[in-house]
Amino acid sequence: MGLRTKILSGFLILTMMLVVAGIWSIYELTRVGTSVQSMLDDNYKSINAGKMMIEALEREDSAVLLLLSGKWEQGRSIIESGDELFQKGFTIAKNNVTIPGEPAYVDEIDAKYKIYKELWIKPIVDTSREGNLDWYFQEVHQAFQDVKLSVQKLMTLNDYTMYETASALKNRSHRAIMPGIVAIVAALIFTALFNFFSNHYVISPIITTTRAVQDFIETGELPAIQVETQDELHDLVSSVQRLVAKVRTAEASK
Amino acid sequence: MRPHIIFRYVGIVLLLNAVFLLISCVISGFNSDSAFFPLLYTALISALFGVFPLIFVPPTKQIDNKEGFTIVVLSWLLSCLFGVIPYVMWGGEFNFTNAWFESVSGFTTTGSSIITDIEVLPLGLLFWRSATHWIGGIGIIIFVLAVLPHMGTAGMILYRTEMSSLAVDNFRYRSQKTMQILLVIYVGLTLAETICLLLCGMSLFDAVTHSFATIATGGFSPKNASIGYYHSAAVEIVIIVFMILSGIHFGLLFAALIGKPSELWKSSIVRYYLVALAAGVTVVTISVHGSQFHSWANALRSAAFQVISIGTSTGFATADSSIWPPFAQLVMIFFTLQCACAGSTSGGIKVDRMVLFWKALVKRIKKMQHPAAVMVVKIDAVPFEDDEVEMNILFISFYLGIVLLSACILTALGVDMLSAFSGSAATMGNVGPGFGMVGSMSNFSQIPALGKWVLTATMLLGRLEIFGLILFLAARSWK
Chain X
1 MGLRTKILSG
11 FLILTMMLVV
21 AGIWSIYELT
31 RVGTSVQSML
41 DDNYKSINAG
51 KMMIEALERE
61 DSAVLLLLSG
71 KWEQGRSIIE
81 SGDELFQKGF
91 TIAKNNVTIP
101 GEPAYVDEID
111 AKYKIYKELW
121 IKPIVDTSRE
131 GNLDWYFQEV
141 HQAFQDVKLS
151 VQKLMTLNDY
161 TMYETASALK
171 NRSHRAIMPG
181 IVAIVAALIF
191 TALFNFFSNH
201 YVISPIITTT
211 RAVQDFIETG
221 ELPAIQVETQ
231 DELHDLVSSV
241 QRLVAKVRTA
251 EASK
Chain H
1001 MRPHIIFRYV
1011 GIVLLLNAVF
1021 LLISCVISGF
1031 NSDSAFFPLL
1041 YTALISALFG
1051 VFPLIFVPPT
1061 KQIDNKEGFT
1071 IVVLSWLLSC
1081 LFGVIPYVMW
1091 GGEFNFTNAW
1101 FESVSGFTTT
1111 GSSIITDIEV
1121 LPLGLLFWRS
1131 ATHWIGGIGI
1141 IIFVLAVLPH
1151 MGTAGMILYR
1161 TEMSSLAVDN
1171 FRYRSQKTMQ
1181 ILLVIYVGLT
1191 LAETICLLLC
1201 GMSLFDAVTH
1211 SFATIATGGF
1221 SPKNASIGYY
1231 HSAAVEIVII
1241 VFMILSGIHF
1251 GLLFAALIGK
1261 PSELWKSSIV
1271 RYYLVALAAG
1281 VTVVTISVHG
1291 SQFHSWANAL
1301 RSAAFQVISI
1311 GTSTGFATAD
1321 SSIWPPFAQL
1331 VMIFFTLQCA
1341 CAGSTSGGIK
1351 VDRMVLFWKA
1361 LVKRIKKMQH
1371 PAAVMVVKID
1381 AVPFEDDEVE
1391 MNILFISFYL
1401 GIVLLSACIL
1411 TALGVDMLSA
1421 FSGSAATMGN
1431 VGPGFGMVGS
1441 MSNFSQIPAL
1451 GKWVLTATML
1461 LGRLEIFGLI
1471 LFLAARSWK
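If you read the sequences in order, they're chains X and H.
According to this note's numbering, the first sequence is numbered sequentially starting from 1.
According to this note's numbering, the second sequence is numbered sequentially starting from 1001.
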């Protein structure tokens, strides 16, 4: 193999190590970015929707208490805004089903909210229910707790998935960094190895040949030159030896 | 010493590692798991570091003993080092110390692990973990020499350096033929066990990885509960049979295979090995019956598996022997130190040295009785020089000394005495599990970081039979 190929192979190997590691780091970092975005889109949005629904449910619960105490106007206004907020949160959650098992939780919230809403949609003020705390505790509050629990389950599922995604992100960022570190260490060791081989198989034979030629010029004797490889340096030494032989022949014929 | 020649030979070893890394990478790719790139990149780096010296350094068939030792030791060290890369790149529980421990444990066929949950590892990485056993089992250099064409005197020097001196003497063929025998037996046993495990209902992946670990007497399992995961007597019987076979001198197995099965029983080493295992199984069965197992059948089943697993330096488990009675544990610690025959993939002091030691002891006693008598220590009519006997006793003393030193360091680091001693003995003998916090159903994750480095040093000392590593470290004073 020629010297050019040998030296080129060293640089190619070095380049390959760094380029592959670089490409992979970029790929992993891109995936980290995508994961962050999907975590925000998939889980954080659902958790926010859950918070919205719980806020709405609590408002509705307070409104029911106002209706029970006969305050129809305030109660109705709060309950309607609560319902509106709940529907808004529910729509976000329903349109953001991204985790296995999530649709079942959304359906459960829907079913339980319908039962809860059925209880307070009917008139309370000026009916037998006004001031009836037993009815409130046994039916309304129970239904309210059921819906709240279903929403909390949805939030827990998303919380857990978010934690898992964050853990995976940690691993992914580790995998994005590691190729770089490994490539740097490998490149440093490889450079040392490349330097050693270049020195042993290229520089040293050149120095030896130069010294031998100088010795020949000064003393007329050419020391033995050892070249282990069969490349251009071997050809150079052969040429030098032939040249020396010619010079000697020319001098002898004078 | 010529470093460039050493780089050339070590490069070939790295190329062998790259092949196995590439196979692991393909498995990872098929399963679309997260170990694909770590394995691919390590395969690439190993291949590049392996190829580069081949480009620059012209082939040389002449190497001296010093270069031979350096090539062997560096091949082991660099294989372990390159084996670290997929683990650290993958992450999880693997920091550098843990990855180094896992890699050295794999290549030296120790089988001790630091992983608390093995089953979360991707299949590609699990395959690489088992492959390190298989590469290391037969000996990295022997593997290369058996696969590659003739390397002339260089091959012979490397072969004699890598092989245990006891094992070399027992082969009756020239080195190239011996290496081919080794490879045929090694691959044959692996294939046979894989087929048997498949017939027992194991999946192909599990069958291959367990076969790698059994034939190399390694002990890495892709399951947290090791062989206990399968709750299958058939699987246990198959693995017991192959563990016993893997602990026998491969030359004798070859002789048995070509129609001379009596060779096996003619060998006093094999007789002692089998009788010792049978005696160990019997006493441990009696010891664990009642306290651990109510039926004799269950006691025998567990005792047989655990004793043979430890006694062949494999390290698989079906039960937690850490909670067994102290007597049973003591018997198993004896097997942890002794292990199986030279010329097999087993580690430890080896049965051959134990037999030689006892014969030398008997000779010494007789010599004291009859001072004028001329006596020679013989095994199967083969006489041993006093120098060889002395070397044997020196090896055993040195071996026990290193185990004690390692145990002392571990206790100084806060590890309890049983765990420290059994862990040191298990790593030095390339067995795997010890007792206490490093028991058969536990792992080495609780050992302090410095302790893990000490244990990896004992693994390497055990695998290179002590003197290999010492000669390498003392290379500068070796004229």
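FYI, nobody ran anything at the bench for these hints, they're computed from the structure.
Heads up, some of the hints might be wrong.
Covered, in the sense of this in silico footprint (three residues per stretch, anywhere, with C-beta under 8 Å from a C-beta of chain H), are these stretches of chain X [stated by the list, open to error]:
#, stretch
1, 11-20
2, 171-184
3, 196-206
4, 214-227
In this text, a Cβ means the ideal position worked out from N, Cα and C, and glycines have one as well.
Quick rundown of the hints versus the structure:
Using a Cβ-Cβ cut-off of 8 Å, 4 residues of the stretch 11-20 of chain X lie near chain H, which meets the minimum of three, so the contact claim holds. With a cut-off of 8 Å between beta carbons, the stretch 171-184 of chain X has 6 residues touching chain H; three or more are needed, and the interface restraint holds. Beta-carbon proximity to chain H at under 8 Å applies to 4 residues in the stretch 196-206 of chain X; the threshold of 3 is reached and the given coverage holds. Against chain H, the stretch 214-227 of chain X contributes 0 residues with a C-beta closer than 8 Å to a partner C-beta. That does not satisfy the three-residue criterion, and the hint is violated.
Violated hints amount to a single one, hint 4; each of the other numbered hints is respected by the structure.
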